[in-house]
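J.: Start from chain G and add chain B according to the hints.
2 protein chains.
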Amino acid sequence: MSLINNLTVIGVGLIGGSFARALKDKGAVKEITGVDIDPLNLKKALELKVIDRAETQLPASIKEADVVFIATPVRTIAGIVKQIAPFLKQGAVVTDGGSVKSEIVELCDRLIPEGRYFVGGHPIAGTENSGVEASYADLYKGKRCILTPTANTDSSALEKIVKVWEAVGSEVVFMDSVKHDKLTAAISHLPHMVAYTLVNTVGEYEGCDENILKYSAGGFRDFTRIASSDPKMWRDIALQNKKPIIEMMDYFTEHYSELKNLIVNDDSDGLEEFFARSRSHRESIL
Amino acid sequence: MSLINNLTVIGVGLIGGSFARALKDKGAVKEITGVDIDPLNLKKALELKVIDRAETQLPASIKEADVVFIATPVRTIAGIVKQIAPFLKQGAVVTDGGSVKSEIVELCDRLIPEGRYFVGGHPIAGTENSGVEASYADLYKGKRCILTPTANTDSSALEKIVKVWEAVGSEVVFMDSVKHDKLTAAISHLPHMVAYTLVNTVGEYEGCDENILKYSAGGFRDFTRIASSDPKMWRDIALQNKKPIIEMMDYFTEHYSELKNLIVNDDSDGLEEFFARSRSHRESIL
Numbered sequence: 001m002s003l004i005n006n007l008t009v010i011g012v013g014l015i016g017g018s019f020a021r022a023l024k025d026k027g028a029v030k031e032i033t034g035v036d037i038d039p040l041n042l043k044k045a046l047e048l049k050v051i052d053r054a055e056t057q058l059p060a061s062i063k064e065a066d067v068v069f070i071a072t073p074v075r076t077i078a079g080i081v082k083q084i085a086p087f088l089k090q091g092a093v094v095t096d097g098g099s100v101k102s103e104i105v106e107l108c109d110r111l112i113p114e115g116r117y118f119v120g121g122h123p124i125a126g127t128e129n130s131g132v133e134a135s136y137a138d139l140y141k142g143k144r145c146i147l148t149p150t151a152n153t154d155s156s157a158l159e160k161i162v163k164v165w166e167a168v169g170s171e172v173v174f175m176d177s178v179k180h181d182k183l184t185a186a187i188s189h190l191p192h193m194v195a196y197t198l199v200n201t202v203g204e205y206e207g208c209d210e211n212i213l214k215y216s217a218g219g220f221r222d223f224t225r226i227a228s229s230d231p232k233m234w235r236d237i238a239l240q241n242k243k244p245i246i247e248m249m250d251y252f253t254e255h256y257s258e259l260k261n262l263i264v265n266d267d268s269d270g271l272e273e274f275f276a277r278s279r280s281h282r283e284s285i286l
Numbered sequence: 001m002s003l004i005n006n007l008t009v010i011g012v013g014l015i016g017g018s019f020a021r022a023l024k025d026k027g028a029v030k031e032i033t034g035v036d037i038d039p040l041n042l043k044k045a046l047e048l049k050v051i052d053r054a055e056t057q058l059p060a061s062i063k064e065a066d067v068v069f070i071a072t073p074v075r076t077i078a079g080i081v082k083q084i085a086p087f088l089k090q091g092a093v094v095t096d097g098g099s100v101k102s103e104i105v106e107l108c109d110r111l112i113p114e115g116r117y118f119v120g121g122h123p124i125a126g127t128e129n130s131g132v133e134a135s136y137a138d139l140y141k142g143k144r145c146i147l148t149p150t151a152n153t154d155s156s157a158l159e160k161i162v163k164v165w166e167a168v169g170s171e172v173v174f175m176d177s178v179k180h181d182k183l184t185a186a187i188s189h190l191p192h193m194v195a196y197t198l199v200n201t202v203g204e205y206e207g208c209d210e211n212i213l214k215y216s217a218g219g220f221r222d223f224t225r226i227a228s229s230d231p232k233m234w235r236d237i238a239l240q241n242k243k244p245i246i247e248m249m250d251y252f253t254e255h256y257s258e259l260k261n262l263i264v265n266d267d268s269d270g271l272e273e274f275f276a277r278s279r280s281h282r283e284s285i286l
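Respectively, the protein sequence lines represent chains G and B. Quick note on the numbering used here: the first sequence kicks off at 1 and runs consecutively. Quick note on the numbering used here: the second sequence kicks off at 1 and runs consecutively.
Chain G with its partners taken away, still in its complex shape:
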């Protein structure tokens, strides 16, 4: 017996497409309906057999769904839940992959009607690529997926979503949505803000009369990878998780000022200590 009879994936890009592919690979789903704002991407998803059926209208796409996975930009998720809520069948579970959670979870708890359920989720996985062609079945394998249940979350709906993520190879962790947003601001959003800033800084530096980017080596290229992530997606994340991101950006500024002062003051011991601290933080995660 399949884990899910009818799955609807709203937004069949890297995240939604990889979710669909993984569940198909595991035989965990009978039929997948895909919806996408981009007709070409949707057509491609069908051609690649990532989905079985393509729909362009939201209400029509979810009428038969047992599980709905929303993998669209974070800013659009609550609006989509609002649109589909009246058409969900009895017992349907809606979940999402948005990387900012507290606002979405709060809104969706209120939007979902009696007898239908919402479970907020965020798989900690991704690449700098987007679109269904970038999706692949192993994206979630060995990765963490954070679920953010609230006091209102139905326990059997939660259990179902846990099983789905475990089926695609993820380790599920429960977390309060506010804490989640602070954590992702630190571990993901700040690094992206810093990488984007760095690439713009170096790319726009005109102080040495040379196309300096062509001299870039490994270190700089590491940064450019994440700084080439989808601008629209990151615009939405920056707006949606504004407060925790600004808090982390200010915290970065404190450390950056500390480092600059060490250089200005030729503080040899202080510099070595600053750099060594960094190495030991890294060792703690290897």
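Quick list of in silico lysine-lysine cross-link-like pairs, DSS-like style, CA-CA up to 27 Å: (1) G/Lys30 <-> G/Lys141; (2) B/Lys24 <-> B/Lys44; (3) B/Lys242 <-> G/Lys214; (4) G/Lys160 <-> G/Lys143; (5) G/Lys214 <-> B/Lys160; (6) B/Lys163 <-> B/Lys49; (7) B/Lys214 <-> G/Lys141; (8) G/Lys160 <-> B/Lys214; (9) B/Lys214 <-> G/Lys179.
Since the hints were derived computationally from the structure, they do not count as laboratory data.
T.: Chain B only, in chain G's frame:
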């Protein structure tokens, strides 16, 4: 006929060891003498046959050398040149791999006696690892090596060093040493300062009551790689290239403030443009 009869490598670590291995592989050198401040590393270099002969005394190590390659921390290079200068044989060429050039080049031009030559160099290659065991023959293959000749540089000595770097697979570029230091501050030193700061910021954040580092995904791990580079080496680089690094750090701060203001002001279009600019800088180097 070998390109070099007697080569002395001072500092047989990642840079010096890889240089030695590559030249041996190409049959471009007859005999390599290695010197290192760390006796265990030197012993290992001999065991691994990266060098043919180990020396612990600087003057003794370079007496027969046709070419001397100094691959020690930048802060020590001019001092080493001063120590060996009186013992260099007629026609010997000294070069280095230091990633900061203007001060070294200026000092060494004055330190080298008549009939012996100095050519400043900087191979744009490296990894986060150090020591002779991390060295490998292909490190310089397909990479750029910047040489920083001055008005005093002997043309046949320069030609010799060009041939040596070409032999190990590098593309040689000539550049003024001051310009070089600005370029490396932008493309390499600033990214390292930013990465070290980011890793300390995230590693020391206590606002979410959780070991946040264990949730780190690809983006953050990219940063930690360069932020685990040798603290002593980066201490020296930060001190040696102080002015250009501070200039770049301030320039980064301008861009960072621009981004923070966009978020504070919920400037959706401005954010998308900021992130899209970054992507287009990246595309220009792929």
